[in-house]
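**Q** Listed here are the chains, written in short residue letters.
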Amino acid sequence: MSVILKTERLRVEYASRELRSGIKVALNGLDLEVRAGEVFGFLGPNGAGKTTTMNVLLGFVNPTGGEARLFGVDVREPIARQRIGYLPELTYYYKFLTAEELLRFYARIFGIPRGEADRRIDALLKLVELEHARTRSIKTYSKGMQQRVGLAQALINNPALLILDEPTSGLDPLGRMKVREIIQRLKSEGKTVFFSSHELGEAETICDRVAIICRGELKAEGKVSDLVTQHQCDLEKLFLKLIGYQPQEVI
Amino acid sequence: MRRASPHVILALLLAVCFTLATTIQPRTRAWSERAKSGNVLKMLLGDGRRMFANHFFEQADISFHSGYYPSIFDQRAPAGKSAMASGKDEHDEHDEAAHEKAMAFLGQPRDWIEAFGRHFRITEHTHLAHGQEREILPWLRLSAELDPQRIDTYTVAAYWLREKLGKVKEAEEFLREGQRNNPNSYEILFELGRLYRESLKDNVRARHVWEFALRKWNEQESASAKPDPFQREQIAVNLARVEEEAGRLERAIELLELGKKTSPNPAGLQKQIDEIRLKSAPPSTAPNAPAY
Amino acid sequence: MNNVLAISGIVIKELYRRKDFYVLFVLTALITLVLGSVSFFNDAKIVRYLKEICLLLIWVASLVIAISTAARQIPVERENRTIFPLLAKPVTRGQFILGKFLGCWLACGVALVVFYLFFGVVSESRGRSDPAATGLTSSAAPAGPAASAKADDHEGAAGGSEHHDDHAGTEPFSVLLNYVQALALHWLMLGVVTAIVLLGSVVFSAPSSNVTISFIGILGILLLGEHLNKVALRQQQPAQAILYTTYFLLPHLEWFDIRDRVIYDQPPIAFVDCSLAALYAIAYTGLLLFLTWFVFRRKTLTL
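Residue numbers (my numbering), protein chains in the order written: chain A, 1 to 251; chain B, 1 to 292; chain C, 1 to 303.
Derived CB-CB ranges, DEER-like:
1. R27/B - V38/C: 32 to 40 angstroms
2. L20/B - K19/C: 31 to 39 angstroms
3. H7/B - G217/C: 48 to 56 angstroms
4. K95/A - R180/B: 55 to 63 angstroms
5. F294/C - S188/A: 42 to 50 angstroms
6. A11/B - S37/C: 39 to 47 angstroms
7. S39/C - M51/B: 25 to 33 angstroms
8. E177/B - S37/C: 20 to 28 angstroms
Honestly, the hints are just simulated from the structure, not real lab data.
For glycine and all other residues, C-beta sits at the position ideal for the given N, C-alpha and C.
Using the sequences and the hints, build the whole thing.
**A** Below is the structure:
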């Protein structure tokens, strides 16, 4: 399988007044590979570097060292983002637009012809169950509806790679289930999904492979079953072990 | 302890506010002149309104010159009154030369930016005429509203209204308004007299108003360290003309003598006096009359 | 270009869905109509004061629209996080900035057209000067034949003045051309203003600081820019050198303010001069946008 997403010795440093060195290392030589057609879970505690990795992949942050590529193209080139869809954790879209206008705007960015864009917008709004609200402005939407609009805009260009940042964060169990179903469906269509999450159970269920990152360093990578067998514990215990969690003694 | 209902607290607060307002309000009248004033602009702007009044008077002058006017950064030659304001006074070549010099402020452009910028500016010195002088009126009206004690505004506006726009009634009303706001102003009285004589051809009223103006001048300026002789001369000379036409030649001579004291053209006034004296002399006493 | 146009479309949609423009337009119209209903000395033909006040209000409103719209674009996108899904698409930062600029500038243009149409209706409804009695005499006071004779000698007394055809400013075509020129130059000026404010929005962290500093800066340029050379010449060195350098470097926005020419029925400006001014505005806008991209391209956009 071809490699869709690749990072090599990826390093990101920030200036920091809190540290004596004046530099905070957010990512320290991260090597990552995501292959076509797989669902890849990117796991780690808060502050581990998951979001920083995504920022680099999406071009929001320039790496200090190393490189990152999407479809073999350096992430700093806009063309690298032509075939990806991105769903941020906190979904904020232009509140003065309707869902339909938003999707049409993004379709235009991708250069999708009008007729094709109309067809996709109809299909996506049906998929995320927002047909009834397509002409309402987004400022009237609930959080769940905004999340679903986010998913729709991430799929508007029929992407080969989906980057999802905590896709089930803040959703109720029904919402989480729907997101899982959509991810499964995308996988069955041959798309690649790269997502970050705190929900280990979810990762265990739907991911083909996972990577666990802590303090900017990759701690483990591979199939869930292989990791569990190798370390002889479940994913949660493995996670806690790799991030260096020491259970408190109960007196 | 029972908690008071929000409605009761609200009612109590309203009662306290009302009581305070009725108690304090009579005292506020003593605090400042501004509070006493019935004029909204005076209340809002205080004495700062004079600054705006000056600005609008200048705006009228800018309008009179169709936008061609020196800014505060241009080297302005000392020019005395503006052409708009001096329109009502009798002109002489010296005044006009001074005005021309003052308005030749542009000079040669100092650099290419200034040279190019002049294509977008008004660079020709013109005055409004043929009825277009009406465009200065709103600014003069605003200036008078803001500073009713500015005499110039009434006299200048009245001149243009009656002389160039044919609005004698409006000019008179405006001067009367100026007189109400400035009861001791001899300048406004003088202008009113001119209106009666030149526009309404009412010499009787003109004479009364000018006599009053002269009295006002004497009351105010004679005790002053630096009296303004120009206005007295203007009043005296014009009054003298009216007296001469009415046949009161002695009075006319008396007034011309008064004006001659401070006139820049005493010889001209002396000539007028001599002519009146010649008119008033009986024919039999004429010299070189043949003895029959 | 497609991306740029798409982003600009969003900016325009935002402007006409916000209330700012409508409030400013209604305020301008209200003040103008109230002032227009006032009668000064029973003369219904007085029109220039109305034109002056209306144009002043239009300029103030347009600056408010341009500065507040442009100042908001990038900071609010970052604050609301709407910039992330957008830049996650194949959109370069340059296209983003250009799209924002174009949207703001086009929105200002639409607002200006509405304002100037209103202005045209108001001023034309009052009637224009009779072309046979423009009411202009060149120089000198009006009294006496001697003074009138002198008046002819004084034509062009002011250094650098141009020959003036008394009737040229009031022919209907001339009036229309004047209005069109005023609108076009005003719009070009707003392009420079928008670019200045966009640059400010990537330099200053808070939109409020950007708005304040931009307003003060732009008003300073409009009111004082053309006079800096005169002030400079009165100074000692090195102040003179600094002021003169500033004078040459500043964009001369006052060239684009031809309200006086419209108010006082001056003839239209030569096409060559307008074109050169347009080129000047385009050059400055391009420079400012380039600087904006230069600052923004390496900025970290963190979630």
